[in-house]
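Participant: Heads up: the protein sequence lines correspond to chains V and P, in order.
Numbering-wise (the numbering used here), the first sequence opens with residue 1 and increments by one.
Numbering-wise (the numbering used here), the second sequence opens with residue 1 and increments by one.
Think of the hints as simulated: they come from the structure by calculation, not from any bench.
Check the hints yourself; a few may be wrong.
Stated by the list, open to error - A short list of chain V residues far from chain P (calculated; beta carbon distances all over 10 Å): (1) Trp20; (2) Trp22; (3) Val26; (4) Leu60; (5) Leu111; (6) Thr130; (7) Ala134; (8) Ala135; (9) Val141; (10) Arg146; (11) Phe172; (12) Thr245; (13) Thr258; (14) Phe262.
Said to hold, decoys possible - Among the chain V residues that face chain P by a calculated CB cut under 10 Å, a handful are: (15) Glu123; (16) Met127; (17) Glu131; (18) Met136; (19) Glu137; (20) Met138.
For each residue, glycine too, the CB sits at the ideal point set by N, CA and C.
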Amino acid sequence: MTGRIAELMRALGARIVNNWVWRLGVAIRFLWLTLRESGPSFRRFHLTIREIYFAGVLSLVVIMVSGLFVGMVLGLQGYDTLVRFGSSEVLGTLVALTLVRELGPVVAGLLFASRAGSAITAEIGLMKATEQLAAMEMMAVDPIARVVAPRFWAGVISMPVLAALFSAMGVFGGYLVGVRLIGVDEGSFWSQMQASVDFREDIVNGFIKSLVFGIAVTWIAVYEGYDAPPTAEGVSGATTRTVVTSSLAILALDVVLTALMFRGQ
Amino acid sequence: MATSNLVEVEDVTFSYDERQVLKNINLVVPKGRVVAIMGLSGCGKTTLLRLIGGALRPNHGEVRVAGRAINRLSDDELFALRRKMGMLFQFGALFTDMSSFDNVAFQMREHTNLPESLIRDLALMKLQAVGLRGAADLMPSELSGGMARRVALARSIALDPMLMMYDEPFTGLDPISLGVIGQLIRRLNDSLGATSIVVTHDVAEALELVDYVYYMSTGKVEFHGTPDQIRAAGLPSLRQFVYGEPDGPVPFHYPAPEYRQDLLAQ
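Produce the complete structure using the sequences and hints provided.
Facilitator: See below:
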């Protein structure tokens with residue numbers, strides 16, 4: 001019996017080490033290489049600008065529309081709850097804080113992972129499968145410097161901007177529903193918001209969250225693409241893993257960051 | 001004489017994990033020549049090409065290009081040497097997000113500080129050499145298989161390499177494109193003063209254009225000689241390969257249990 005348990009433990013350990021620890025080590029090494037080879041991404045900034053267009057600009061519509069809807073829902077739900085306590089005038093505060101601190105970075109991050117992260121993985125994976133990366137290496141051009149690093153930095157730069165736009169659209173959505181539709185007082189909606197949203201405590205912390213999520217999502221996306229087996233199943237599997245792993249990473253990191261940032265003082 | 005050889009492969013052994021792919025390979029490619037490495041699929045030809053290009057390192061032995069042991073170069077030295085090499089991949093491996101022109105101009109933009117007007121002229125000259133100057137603005141998805149291979153060829157000669165490597169350049173081409181590629185390999189080699197290695201299993205086309213042939217089977221060089229010597233060789237496996245006989249030393253049937261027994265089995 002003890003032998004069987006030991007056998008199971010050993011198998012479980014081997015699985016964890018081979019599937020998780022080993023891959024995490026390779027991914028960290030890959031991130032280090034990407035950072036080391038990032039020179040061209042800034043010296044030839046047009047390479048990064050091009051990727052910002054694909055990862056950031058093309059995600060604008062989905063991010064802004066989602067932000068508007070989320071803000072509208074917050075307006076409706078928030079009013080419904082606040083009115084029971086007779087404090088519907090703090091609706092602006094509720095909408096803004098929820099978005100800036102939490103939903104902006106998290107939901108924008110999740111959308112960014114599915115819209116841009118999956119595209120980055122699929123593109124790099126297909127470039128590998130069609131030997132474009134091998135060809136580049138044979139032409140004495142490092143694919144990490146030329147293909148991976150510009151995409152990585154484009155994601156890291158785009159994500160906080162997208163999260164900020166998400167929050168802005170959300171606030172506007174909350175305003176449309178709360179003030180225009182339901183009839184909450186416009187003056188108190190904005191003045192309460194202005195009075196209680198702190199730049200350092202709320203905006204900066206929200207920005208840090210979105211930056212961390214941007215790094216995590218893009219790191220996972222470029223690594224999964226570069227590591228994908230060069231077959232159709234390999235690329236599709238890598239794309240799925242990007243979305244799943246990034247989403248889990250965002251939610252897990254959010255717990256850690258929230259615990260560190262907001263302690264109710 | 002060692003100095004007249006551009007590529008020297010000396011006693012090279014290579015394995016992917018447990019599986020041994022190359023066993024004690026010896027091979028030389030003299031300067032200015034077009035040399036074919038032929039053999040069945042999976043015999044280690046492409047692996048050998050990757051070893052010469054420095055994409056893989058041998059477990060044992062040495063690969064020298066222009067007198068330099070490629071397996072002992074640092075990454076920077078290897079990249080510097082690769083600037084003098086060109087490689088045509090099996091399906092072209094064109095960058096799908098760039099036009100034909102930008103594909104050809106890629107290396108010039110990456111490795112030189114030439115003004116854009118000069119790069120334009122040079123890239124158009126390379127495309128003219130493969131007959132596709134008119135297709136400069138087309139994207140890879142708009143090119144036929146043969147055209148894509150020719151654009152990839154123009155891209156690989158962009159920096160006038162001293163060594164050209166072709167990985168199965170004839171695979172999947174129609175007879176006209178096949179003839180065009182064959183002719184281009186010879187013509188570009190001679191006009192650029194380059195040296196070429198063609199990895200292929202397309203016997204008829206290869207024997208027409210190359211100067212020397214290495215025939216490989218199961219990771220070893222079985223025979224080498226001029227095309228005429230290859231045609232006249234008595235080696236049964238080579239004969240079967242050259243004349244495309246369906247059965248011989250390489251059997252038609254994959255190893256299986258006895259046919260009758262297999263059919264009668266439950």
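Participant: Next step is simple, just say for each hint if it's right about the structure.
Facilitator: Consistency of the hints with the structure:
Here Trp20 (chain V) stays apart from chain P, with its beta-carbon at least about 22 Å from theirs, past the 10 Å limit. Under the 10 Å C-beta cut-off, the non-interface status given to Trp22 (chain V) relative to chain P holds; the minimum distance is some 16 Å. Chain P leaves Val26 (chain V) outside its interface by the beta-carbon criterion, the shortest separation being 17 Å against a cut-off of 10 Å. Under the 10 Å C-beta cut-off, the non-interface status given to Leu60 (chain V) relative to chain P holds; the minimum distance is some 21 Å.
With a minimum CB-CB distance of about 24 Å to chain P, Leu111 (chain V) clears the 10 Å threshold, and the non-interface call stands. At roughly 6 Å, the least C-beta separation between Thr130 (chain V) and chain P is not larger than 10 Å, which violates its mark as non-interface. A cut-off of 10 Å between C-beta atoms contradicts the statement that Ala134 (chain V) is not in contact with chain P; the least separation is 7 Å. Under the 10 Å C-beta cut-off, the non-interface status given to Ala135 (chain V) relative to chain P is violated; the minimum distance is some 4 Å.
Interface exclusion of Val141 (chain V) from chain P breaks down, the closest Cβ pair being 5 Å apart, not more than 10 Å. The beta carbon of Arg146 (chain V) sits about 8 Å from the closest Cβ of chain P, which is not more than 10 Å, so the claim that it is off the interface is violated. Every Cβ of chain P is farther than 10 Å from the Cβ of Phe172 (chain V); the closest lies at roughly 35 Å, confirming the non-interface assignment. Annotated as non-interface, Thr245 (chain V) keeps its C-beta farther than 10 Å from every C-beta of chain P; the closest such distance is 26 Å.
With a minimum CB-CB distance of about 39 Å to chain P, Thr258 (chain V) clears the 10 Å threshold, and the non-interface call stands. Taking the minimum C-beta to C-beta distance to chain P, about 43 Å, the non-interface status of Phe262 (chain V) holds against the 10 Å cut. For the restraint placing Glu123 (chain V) at the interface with chain P, the shortest Cβ-Cβ distance is roughly 8 Å, inside the 10 Å limit, so the hint holds. Because the closest C-beta pair between Met127 (chain V) and chain P is about 8 Å apart, less than 10 Å, the hint holds.
Hint on Glu131 (chain V) holds. Least Cβ distance to chain P is approximately 4 Å, under the 10 Å limit. Given the 10 Å rule on beta carbons, the hint for Met136 (chain V) holds: about 8 Å separates it from the nearest Cβ of chain P. Proximity of Glu137 (chain V) to chain P holds as hinted, the smallest CB-CB distance being about 7 Å (cut-off 10 Å). Residue-level restraint check for Met138 (chain V) holds (minimum Cβ-Cβ distance to chain P is 5 Å; threshold 10 Å).
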